[in-house]
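Protein chains in written order, with UniProt numbering: chain A, 1 to 295; chain B, 1 to 370.
Where hints are given, some of them may not hold.
[Said to hold, decoys possible] Chain A stretches covered by chain B per the calculated footprint, using a threshold of three residues with CB under 8 Å from any CB of chain B:
| hint | stretch |
| --- | --- |
| 1 | 177 to 189 |
| 2 | 200 to 214 |
[To be verified] Restraint ranges, calculated between C-beta atoms of paired labels, are given here:
| hint | chain 1 | residue 1 | chain 2 | residue 2 | range |
| --- | --- | --- | --- | --- | --- |
| 3 | B | K107 | A | V100 | 22 to 32 Å |
| 4 | A | G131 | B | S15 | 32 to 42 Å |
| 5 | A | V100 | B | A108 | 45 to 55 Å |
| 6 | A | V100 | B | Q122 | 39 to 49 Å |
| 7 | A | V100 | B | K111 | 30 to 40 Å |
| 8 | A | L34 | B | A108 | 54 to 64 Å |
| 9 | A | I22 | B | E316 | 54 to 64 Å |
Hints in this document: simulated from the structure, not taken from any laboratory. We put the CB at the ideal spot given by N, CA and C, even for glycine.
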Amino acid sequence: MAEPKTLPGANGKRYLLGRVFIWSLLLIAAVLYLGPIYVVLSTSLKDLAEIRAGALLDLPHEMNFAPWREAWSQACIGVRCDGLQPYFMNSVIMSVPSVVISTLIGALSGYALSLFHFRGANIIFALMLFGCFIPFQIVILPMAQTLGYLGIANSITGLIVVHTIYGISFTTLFFRNYYVSVPQELVRAATMDGAGFFRIFWHIMLPLALPIIVVSVIWQFTQVWNEFLFGASFTSGGSQPVTVALNNLINSTTSVKQYNVDMAAALIAAAPTLVVYIIAGRFFVRGLTAGAVKG
Amino acid sequence: MATISIEHASKSFGSTEVLRDISLDVKDGEFLVLLGSSGCGKSTLLNIIAGLDPLADGTIRLDGEVVNDVHPKNRDIAMVFQSYALYPNMTVERNIAFGLEMRKYSKAERKAAVREVASLLQIEHLLSRKPSQLSGGQRQRVAMGRALVRRPKIFLFDEPLSNLDAKLRGEMRTEIKKLHQTLKATMVYVTHDQIEAMTLADRIAIMRDGVIQQIGTPQQIYSTPANMYVAGFVGAPPMNFVEVELARRKDQFGVILPAVLKGQPIEYFLPLQETEQLAGREGSKVVLGLRPEMITHNAFGQSSAPEIECDVELVEPTGADTLCLIRLAGQPAKARVSPLFACEPGESMRFSIDTSRICLFDGKTKQLIG
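All chains, full assembly: derive it from the sequences and hints.
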């Protein structure tokens, strides 16, 4: 393939003009996105006196981590004054099983739907896809009732169940579309080698799906961690996830508005999804199956 | 011992019949090639033997035992796929050992078995690589290794060489033949390449539209093709078909062969043996099947062989032989002559015709009649 740079006319004035245009556009977009983050970050490091003095865009006079400490372990949410910490742990306990279970189930059902052509596979897949388009608000009442019957209302376990079920539609879609491109002969070869449905899945198909596992984990983790409505509806008090706790912290009207603590709390609540993006994104490799089949 | 016996097998996908009442026997240690163009049902037949596709009607026996409902893994069969189907996430060593792993062999046994197969196929140096790091030929060897390592009683090959380049294909063909001679295992091999079929097979089964057209040794298929489809499929360049009339001249039975000499039409008479099937059919039209090597320069023919002289329209040198395009009964036909005697295009030349090997087909049923 020809290098675009070596093509005739690729280094002229028009090229330069184009570059300048593209770079300035990107710069404007970056400022628009990073501006608010800068304000939140710098405000969280200022003390209250400095905030009241105005100058929203100034850098903090000194690095002041007291608001972070307070948001994490001292701020009062409702009657408890332990900060975000316990709720943050609630979110971790809620997210990890939800992500793992829904990804595994999605992988298994996607594998079955794409590589085992059983009767009605496409109808089942269409019905599962339907789940992607059901808004949260519709299921709140029936779900609350179901959780009550199951005896897991107002608990983290209940939230895990809700998020797992809700995630299966999406993860199945991801894995099904990935496995559709895997050649059928791989399953046939493994069958001849004596592997059954689950062993083919475990030894061959799951390792093969690493890129889509990463996609599924990022997607599910972001969804579950950031979710607010189910958390607010199905839990109260000590079992609330961090998103609900953050809301309660910021909306409490008992004392002076501590903007710096609010900002720090917001950053703490948002941090895990960012970390997942930064870490998992690096493993987001394409083309693991390249060259697996034909020469 | 490993025999395969298929009786009245039928199979359809939706409304298309893929196999129609197929009956076939494979002897112990035999190399059977299923030959046919794409869509003739040969791969489906192979998958049915493997157990990967269920049989709709009929029975399939391995060693005399009905295996219609036996799972593929319990049939003691190994298969090499067209795409090789190597497991991309595993090393070559684990790819080869996977079948043993699934059958709960110990680690040491697996290792020993893999070493043995790897040295047989000369891929010892590749054992720690992943399939994506191998060339096409190396992948092919690994796929063979995966089949060999279990020492199954039957091997199935589904167009294993069709993804290789011409040179490598020739080499691997020889190796597969050698392998068959050493292992003396029963093998069924699917291909659309008639050269592969001719060189490898003990017997060839030619299929078309889900029906076996003919089963026989490569020589039988080549010299006495059951019908015009088989005759045209096997051999390169294919057999020439010329529509002629049966006749009797001076008490000699034969056919009238119109040709072109110096731009003018001319008729030759080819005397033929009058068999029972042909008797009394004078005046009727038949299709004469002439392989290019049956029309050769008159210096090479037997002195008793009939000769014809006709115009050569085109000359195709292939190295060992030169093909001359002539016109017989209005249709183009190819003659295979030595490059030493080939004339220039547009000139005329004397050919000798080997009538002893001629095939005659019925024009309507397309079946061999003499």
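Practice item. For the range 22 to 32 Å, tell me whether the beta carbons of B/K107 and A/V100 fit it or not. Key: For B/K107 and A/V100 the Cβ distance comes to about 30 Å; the hint holds.
Exercise for review: Just tell me: holds or violated, for the beta carbon distance of A/V100 and B/K111 against 30 to 40 Å?
Suggested key: Roughly 34 Å apart at Cβ, these two residues keep to the hinted range, so it holds.
Review point. Between A/L34 and B/A108, does the C-beta distance stay in 54 to 64 Å?
Key: holds, 59 Å
Check your understanding: For the stretch 200 to 214 of chain A, does the count of residues with a C-beta closer than 8 Å to a C-beta of chain B reach 3?
Key -> holds (count 4)
Practice item. Check the following: the C-beta atoms of A/V100 and B/A108 are separated by a distance inside 45 to 55 Å. Key: At 35 Å between Cβs, range violated.
Point to revise | Coverage claim, chain B over the stretch 177 to 189 of chain A, checked by counting residues with Cβ within 8 Å (three needed) | key: Holds: 5 residues of the stretch 177 to 189 of chain A have a Cβ under 8 Å from chain B.
Review point. Does 32 to 42 Å hold as the CB distance between A/G131 and B/S15, or does it fail?
Key: Distance hint for A/G131, B/S15 holds at roughly 34 Å.
Review point. At the C-beta level, are A/V100 and B/Q122 separated by a distance inside 39 to 49 Å?
Key: Between A/V100 and B/Q122, where Cβ atoms are some 44 Å apart, the hint holds.
Review point. Cβ-Cβ distance between A/I22 and B/E316: within 54 to 64 Å?
Key: With a Cβ separation near 58 Å, A/I22 and B/E316 satisfy 54 to 64 Å, so the hint holds.
Hint check: a violation occurs at hint 5 only; the rest are consistent with the structure.
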